Amino acid sequence: MHEILYKEEIGPDIHLYRFHAPDVARYRKPGQFVIVRISDEGERIPITIADVNHDKGSITLIVQSVGKTTLQMAGMKVGDSIPDITGPLGVPTHIEKVGNVLCVGGGIGIAPLYPVAKGMKDIGNRVISILGARSSNLLILEKEMKDVSNEVLITTDDGTKGRKGLVTDAIKELVDQGEKFDLCVAMGPPIMMKFVSLLTKELDIPTIVSLNPIMIDGTGMCGGCRVTVGGETKFACVDGPEFDGHQVDFDELMKRLTMYSSHEKQSLDHYSSKTGCRLAGTLKGDQE
Amino acid sequence: MNIKERLKIPPTMMPEQDPAERITNVEEVPLGYTPEMAMLEAKRCLQCKTAFCVEGCPVGIDIPGFIKLIEDGDFRGAINKMKEKNLLPAICGRVCPQEEQCQLFCTIGKAQKDPCKSVMIGKLERFIADWEREQGEYDLPPEVKSSGRKVAVIGAGPAGLTVAGDLIKFGHEVMVFEALHKAGGVLVYGIPEFRLPKAIVQGEVDYLEKLGVKFRYNFVVGKTAPVSQLIEDYDAVFIGTGAGLPRFMRVDGENLLGVLSANEYLTRANLMKAYSFPETDTPIVTGKKVITVGGGNVAMDCARTALRMGAARSLIVYRRAEEQMPARLEEIHHAREEGVEFHLLQNPVRLIGNDDGWISGASLIKMELGEPDSSGRRRPVPIEGSEFIEETDVLIVAIGNSPNPLVPASFPELEVTRWGGVVVNELTGQTSVPGVFAGGDIVLGAATVILAMGHGRRAAKAMNLYLNSGRWVDLDKAMDLSRAEVR
Chain G
65 MHEILYKEEI GPDIHLYRFH APDVARYRKP GQFVIVRISD EGERIPITIA DVNHDKGSIT
125 LIVQSVGKTT LQMAGMKVGD SIPDITGPLG VPTHIEKVGN VLCVGGGIGI APLYPVAKGM
185 KDIGNRVISI LGARSSNLLI LEKEMKDVSN EVLITTDDGT KGRKGLVTDA IKELVDQGEK
245 FDLCVAMGPP IMMKFVSLLT KELDIPTIVS LNPIMIDGTG MCGGCRVTVG GETKFACVDG
305 PEFDGHQVDF DELMKRLTMY SSHEKQSLDH YSSKTGCRLA GTLKGDQE
Chain X
220 MNIKERLKIP PTMMPEQDPA ERITNVEEVP LGYTPEMAML EAKRCLQCKT AFCVEGCPVG
280 IDIPGFIKLI EDGDFRGAIN KMKEKNLLPA ICGRVCPQEE QCQLFCTIGK AQKDPCKSVM
340 IGKLERFIAD WEREQGEYDL PPEVKSSGRK VAVIGAGPAG LTVAGDLIKF GHEVMVFEAL
400 HKAGGVLVYG IPEFRLPKAI VQGEVDYLEK LGVKFRYNFV VGKTAPVSQL IEDYDAVFIG
460 TGAGLPRFMR VDGENLLGVL SANEYLTRAN LMKAYSFPET DTPIVTGKKV ITVGGGNVAM
520 DCARTALRMG AARSLIVYRR AEEQMPARLE EIHHAREEGV EFHLLQNPVR LIGNDDGWIS
580 GASLIKMELG EPDSSGRRRP VPIEGSEFIE ETDVLIVAIG NSPNPLVPAS FPELEVTRWG
640 GVVVNELTGQ TSVPGVFAGG DIVLGAATVI LAMGHGRRAA KAMNLYLNSG RWVDLDKAMD
700 LSRAEVR
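Sequences listed follow chains G and X, in order.
Quick note: this note's numbering has the first sequence finishing at residue 352, numbered continuously throughout.
Quick note: this note's numbering has the second sequence finishing at residue 706, numbered continuously throughout.
The following block holds chain G by itself, in its conformation from the complex (with noise of 0.2 Å):
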């Protein structure tokens, strides 16, 4: 069992947790995840690790409700405990010294961007990061990154904070005042991953992403993570879960995203019926 020694809101339907899980946090590395189950009832999903800390044996994750096991996680209190935490699972991010790098977390994306971003800086890299939201409510993480970035960019869709408008458009700005990136490392949902590995294939920057796709085992064992990358299906569990995002068929990815969609409304209305826990309800879409 893993109890949850803190638990801290830090936006609307959005909880920061440590997990008491030592055997995962003993070897993890930036880039890696559990896969969780919360009851023995419960569904197995993927959650990116924000942060350890060895000394306690805990590690930090922080999700998002948006659906049934989210919302019922989002319901449990401190020293409560959890079945099943497995990990650390993926390949850990490849850090190295390349010089100015160009770090772009969007929503709760910026969560596993945290530690990739720690990493890049701690090894000699120059990182500046942009972090998008739709509302200056929905920002996480700020202090942490400013933390760990020589430069922090703010954009948000309703201009609530930093600019008003996409990552993209602040991506854009700092290459027109002239900076070159070595390296962009992108983690957000889906279609601002895409947008942004469109546009660092034209300005030629190398392009790393996180995917999120669905998964059960995490071991490669049910291939339900399969994705497109360079024309050749690769399974986001064992191959990645980071990828070159110039070579990563983001259309296919989110397609694959929403096989079910209508399970997920149907489990969190028989939860909220038997319940009557209910999401906050704004938010849809802006999952990790």
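No lab work stands behind these hints: they were computed from the structure.
Don't take every hint at face value.
[To be verified] Per the computed footprint, the stretches of chain X lying under chain G, defined by three or more beta-carbons under 8 Å from a beta-carbon of chain G, are:
no. : region
1   : 223-234
2   : 433-444
3   : 495-503
4   : 511-517
5   : 620-631
[Unchecked claim] FRET-style restraints, in silico, Cβ to Cβ:
no. : chain 1 : residue 1 : chain 2 : residue 2 : range
6   : X       : E498      : G       : S325      : 18 to 28 Å
7   : G       : P147      : X       : R637      : 37 to 47 Å
8   : X       : Q421      : G       : N201      : 45 to 55 Å
[As the list claims (entries may be wrong)] Computed cross-link-like contacts, EDC-like style, restricted to lysine to aspartate or glutamate with a CA-CA straight-line distance of at most 20 Å:
no. : chain 1 : residue 1 : chain 2 : residue 2
9   : X       : K417      : G       : E105
10  : G       : K298      : X       : E473
11  : G       : K141      : G       : E243
12  : G       : K225      : G       : D211
13  : X       : K433      : G       : D87
14  : X       : K262      : X       : D281
15  : G       : K319      : X       : D574
16  : G       : K329      : X       : E498
17  : X       : K401      : G       : E105
18  : X       : K433      : X       : E412
19  : G       : K258      : X       : D575
20  : G       : K298      : X       : D471
21  : X       : K429      : X       : D358
22  : X       : K401      : G       : D148
23  : G       : K329      : X       : D575
24  : G       : K265      : G       : E328
25  : X       : K268      : X       : E224
26  : X       : K401      : G       : D87
27  : X       : K388      : X       : E356
28  : G       : K338      : X       : E498
29  : X       : K332      : X       : E274
30  : G       : K319      : X       : D471
31  : G       : K319      : X       : D612
32  : X       : K492      : G       : E328
33  : G       : K225      : G       : E208
34  : X       : K492      : G       : D148
35  : G       : K161      : G       : D308
36  : X       : K417      : G       : D104
37  : X       : K585      : X       : E556
All figures in this text were calculated on a predicted structure; none of them were measured in a lab.
Glycine included, each C-beta is placed from N, C-alpha and C at the ideal position.
Since the structure of chain G is already known, use the hints to place chain X on it.
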């Protein structure tokens, strides 16, 4: 009772759920023998002096011995006799291909020129295991002196569970590392509830725990900890991580929505209990019409699961003819009884999607049988220009699995074949790394539960020798194996 009288008794059929009824539930299809049925069936055994049936058993069960005890009504004695060689009889009694093993060599079956008329060894095995579970009491083997040696078993599937059970009986400490949240491997994620109820697998795992085997779940060796750490922490390591890498057809449209591997489909349905959705949280794709591609037991499991998930039509598409199907006769028979349609000598060349990215059909090409290939089966050859479109809502790819690469990939010292199987000494399961053994589907590629258990049995014997003597070189020469075990 003399031989003539015994020969006159017809095979005792096991009652089954009615096909029309059973496709509306996930309960087990065969209902089991009553004690009277079992004792009657046991009378058919001639107690041959040279028991050919035992030679057909990969784990060398004393078949006439346990059957005689059933005939005498000593069920406790029968199950204990069974467990001298096989700790997982409730599983083997259900999923072993007896018609190719023990029952193939049975004197009765040979006399009647039909292994299906042999003594129903598998059904008797199942009966005796179920009887013990229903009693709720187990005779534990006498406690053995601890050897002070520690063993790590990677993977709680058929091979790993067998190794764990044997080594604990030899007095070694055993820790099983399992990647999923439940023990059983393919027995819990792959084989459906209606063929092997999960409670039965759990019962066998509970028994191993009673013997002292320890389990660590959610532990993905190669990720949660490197193999090298286990080698440091334990005196020997067994790798039984199975063939959990699904093969796909590599045709256009395979990533369309509604196209799944058999592993994904069965894992959702079985391990994650999608048949109870939304009471359970894991969904599964359903459709009015479902195509399963493949001709093995896994394909039969998928096609039959699809009916239980509400499909009005469930089709098997297989590129060879029925005689070449690798599935067990019983599985084909059950599938047909339930209404699964067999579309033979056809093969998908392309999958077709609608505007939303969902599969809407498969372009199939007709095949004919040509010359025999390396497997000895006549090779299927496409008939040019014979393509046609079969509409479908869901397509399941059940064309096999390759060895799971997670452990080998994280452990470069371990020698593997070109297709990813771990290289071992066939008798002992020794790998290229001293102290590390392997067996089951990680060596064989996708094979059967009982072959994996046979591997586990031999590896456990070799590991015991190694742990007690420290001998690694020529370990196979020191092994004392019966003919049945070598087979």
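Hint by hint, here is what the structure shows:
no., hint, in the structure
1, 223-234, "violated (count 0)"
2, 433-444, "holds (count 7)"
3, 495-503, "holds (count 8)"
4, 511-517, "violated (count 0)"
5, 620-631, "holds (count 3)"
6, E498(X) <-> S325(G): 18 to 28 Å, "holds, 20 Å"
7, P147(G) <-> R637(X): 37 to 47 Å, "holds, 40 Å"
8, Q421(X) <-> N201(G): 45 to 55 Å, "holds, 47 Å"
9, K417(X) <-> E105(G), "holds, 14 Å"
10, K298(G) <-> E473(X), "holds, 12 Å"
11, K141(G) <-> E243(G), "violated, 45 Å"
12, K225(G) <-> D211(G), "holds, 19 Å"
13, K433(X) <-> D87(G), "holds, 17 Å"
14, K262(X) <-> D281(X), "holds, 16 Å"
15, K319(G) <-> D574(X), "holds, 11 Å"
16, K329(G) <-> E498(X), "holds, 13 Å"
17, K401(X) <-> E105(G), "holds, 13 Å"
18, K433(X) <-> E412(X), "violated, 25 Å"
19, K258(G) <-> D575(X), "holds, 19 Å"
20, K298(G) <-> D471(X), "holds, 15 Å"
21, K429(X) <-> D358(X), "holds, 11 Å"
22, K401(X) <-> D148(G), "holds, 10 Å"
23, K329(G) <-> D575(X), "holds, 18 Å"
24, K265(G) <-> E328(G), "violated, 34 Å"
25, K268(X) <-> E224(X), "holds, 18 Å"
26, K401(X) <-> D87(G), "holds, 17 Å"
27, K388(X) <-> E356(X), "holds, 19 Å"
28, K338(G) <-> E498(X), "holds, 11 Å"
29, K332(X) <-> E274(X), "holds, 19 Å"
30, K319(G) <-> D471(X), "holds, 16 Å"
31, K319(G) <-> D612(X), "holds, 16 Å"
32, K492(X) <-> E328(G), "holds, 16 Å"
33, K225(G) <-> E208(G), "holds, 17 Å"
34, K492(X) <-> D148(G), "holds, 16 Å"
35, K161(G) <-> D308(G), "holds, 18 Å"
36, K417(X) <-> D104(G), "holds, 14 Å"
37, K585(X) <-> E556(X), "violated, 25 Å"
Consistency note: the structure conflicts with the earlier hints numbered 1, 4, 11, 18, 24 and 37.
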